[in-house]
Amino acid sequence: MMMYNETYDQRYQKVQEAIAFKNKYVVSTYMGQSVPPTYTDGITLAEYMEDHDRGLQCFLDFMDRLNSEAPIDCINFAYPGGHQGALTLAWLSKINMPGKELPEDAVWQVDERKRLEDGDYDLIIEAGGLGPIYDRLLPQLIDQESLNRFFKFYGEDFDAVMMKYVEAGYPVLNSGIVCPPFETLCGGRSVNVFFMDCYKQIGKVKETQDVMMSGLLEQIKAIDKKDYLIGRWIGHWRGASNMINQKIWDTLVWPYSKKLAFALLDQGVTPIMHLDSSWDRDLERFKELPYQKCILNTDGMTDLRKARKVLGDHVALMGDVPSQMLTVSSPAEIKDYVRRLLDDIGPQGVFITAGCDAPSCSKYENLVAIHEVAQEF
Amino acid sequence: MGKIVELLVALEDEQLIEAVKEDLKAGVAPAKILADCQAGMVAIGEEFSQERMFVSDLMMASAIFKDVSELLLPYLSAADAGEGLGKVVVGTVRDDIHDIGKDIVVNMLQAANFEVIDLGVDVPPADFVKALQENNANVLALSCLLASCYTSILDTVEALKAAGIRDQVNVIIGGGPVDEHVVAYSGADAFGADAQAAVNYCKEVLA
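For the record, the sequence lines run as chains A and B. Heads up, the first sequence is in the numbering used here, so the first residue is 242 and it goes up one at a time. Heads up, the second sequence is in the numbering used here, so the first residue is 164 and it goes up one at a time.
Looking at chain A on its own, in the form it has when it is part of the complex (with noise of 0.2 Å):
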């Protein structure tokens, strides 16, 4: 039965068979939010994230400049609408902007620094969730017109926006970020003093992450399920294996991302387990992920091939093309580094992309290799 149109319905259905393992080649995946303004004239990378009409046509345009280059099955993350809101909000942190703080076309960068007070565990206890914080910090930390663009591009808009990549026959992975307690309150307390209170006061912070995550888990279930709504992130930036201890990642970091996977998942929204830094040490824990439903973004740090080896055909691999390589390499390395991977892995359960997100100063070349390559397996 058509759902949308017949390019849009066939990728859709590739994704959802590599989700399955049952695709019988890999999936060429775009991933780069802030790469489409770097090879579009007339528009600086300011303007691409403060006016979201001419961004996301952008970005579109873009989408359909590779594709004419070499097919793209789908998107992971797709037009950045929003970002200042939605990173404010995960990580309770200043986001410096380009054109704001900083030049027209430099990246987003995150000013962390410690914004939670000592007695802040225990008010988001008391309150049961973060809404004193929000009403303290937010008008320190993003001003309103931001906050509101946010709120209305994932809400009043959000339908229009994902019917625009339906319409140009990209499915889109990444429909928004859901965000752990663990990272929001790295992000709030900055990394420093927030290791140093899993060690200190580890019973406190699970307390204040419970809490935290009960409203988390409202929010998923309140998802309004379309078609087009394919999966969500689990985003996972401090909490990684290479970074935490074995105690605190089994206390604070896998049982709230678990918890989080079977959420999405019993709204019928794919789990994809977007996972920084090295998650070597506990590929294993993913097998407790339920089976073929879920999907591990990773950025080139942790080894796909091991990930094969522990898991086997249990979650789909994407990733996993380093961002550096997008920057200095050439297309043949990029190309080499694609098949020697897939020769390893094999095509089956695999989104082939960018690791983590391609930096907008990727060669274009580099990323149409990426898709390119793909085409032969």
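In case anyone wonders, no lab produced these hints; they're calculated from the structure. Treat the numbers as computed from the prediction; the structure is a model and nothing was measured. Note that the Cβ used here is the ideal one computed from N, Cα and C, for glycine as well. Be a bit skeptical, because a hint or two may be false.
To be verified - So these bits of chain A aren't anywhere near chain B, every CB distance computed over 10 Å:
1. 311
2. 407
3. 470
4. 532
5. 576
6. 617
Unchecked claim - Incomplete in silico selection of chain A near chain B, CB under 7 Å:
7. 568
8. 570
9. 601
10. 602
Fit chain B to the known structure of chain A by using the hints.
Relative to chain A, chain B alone:
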């Protein structure tokens, strides 16, 4: 393994502080206590290299080491502190404001008895050159978390050449998106995959 080393490796901060106070009261030389702590940090570095300890452990250990050092400082003479292993200029490159990785490296280098000149974040190439010249330092450790800032690494290496000091300075780079490809691109000498690698490199080139 002595008690001080053991407690530091176990990251038992409160017990360690108590043990240090008791040792001081019992007349143990402050320099000996400091040396034990440095030995503890070396052991922690080893554990990290063997993937039995992780970044959070390094950060916790560095914080404990700092607390003990502050406690010992009033009791230490200049002679007690001994000759440092050498000077290292550290900073995050121009246009990059990330400081977390850099700070871990700074703490680990200090704990390993290097004198660190920390220039902070968003540091222009000329400031690195100036700091190296003024301090007569032979190692430059550059942190970079953004692929868009590889040019800042390149420009810093070029600035060393222009100042005529490239041959005297060992340049190590580090940060999430940094590897041998960026070393080749920028003309740096090495990259450190983590803070311990930076410490090992500094020991190697300043030994």
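#### Entry: Assertion that residue 407 of chain A lies farther than 10 Å from chain B (Cβ)
holds, 31 Å
### Message
Verify this label for me: residue 311 of chain A is non-interface relative to chain B, using a Cβ-Cβ cutoff of 10 Å.
### Response
holds, 22 Å
### Message
So residue 617 of chain A supposedly isn't at the interface. Is its beta-carbon more than 10 Å from every beta-carbon in chain B?
### Response
Answer for residue 617 of chain A: holds, closest chain B Cβ roughly 23 Å.
### Query
At a threshold of 7 Å, is the proposed contact between residue 601 of chain A and chain B supported by beta-carbon distances?
holds, 6 Å
### Message
Confirm or reject: residue 470 of chain A is not an interface residue toward chain B, with every Cβ-Cβ distance exceeding 10 Å.
### Response
Holds, since 30 Å exceeds 10 Å.
### Interface hint for residue 602 of chain A, Cβ within 7 Å of any Cβ on chain B
Cβ of residue 602 of chain A sits 5 Å from chain B, so the hint holds.
### Message
Hint residue 570 of chain A vs chain B: min CB-CB distance below 7 Å?
### Response
Status holds, d = 6 Å.
### Query
Are all C-beta atoms of chain B more than 10 Å from that of residue 532 of chain A?
The assertion about residue 532 of chain A holds, with a minimum of 29 Å to chain B.
### Message
Hint residue 568 of chain A vs chain B: min CB-CB distance below 7 Å?
### Response
Status holds, d = 5 Å.
### Message
Is the claim that residue 576 of chain A lies outside the interface with chain B correct, judged by CB distances over 10 Å?
### Response
holds, 15 Å
Going down the numbered hints, you'll see the structure goes against none, and every one checks out.
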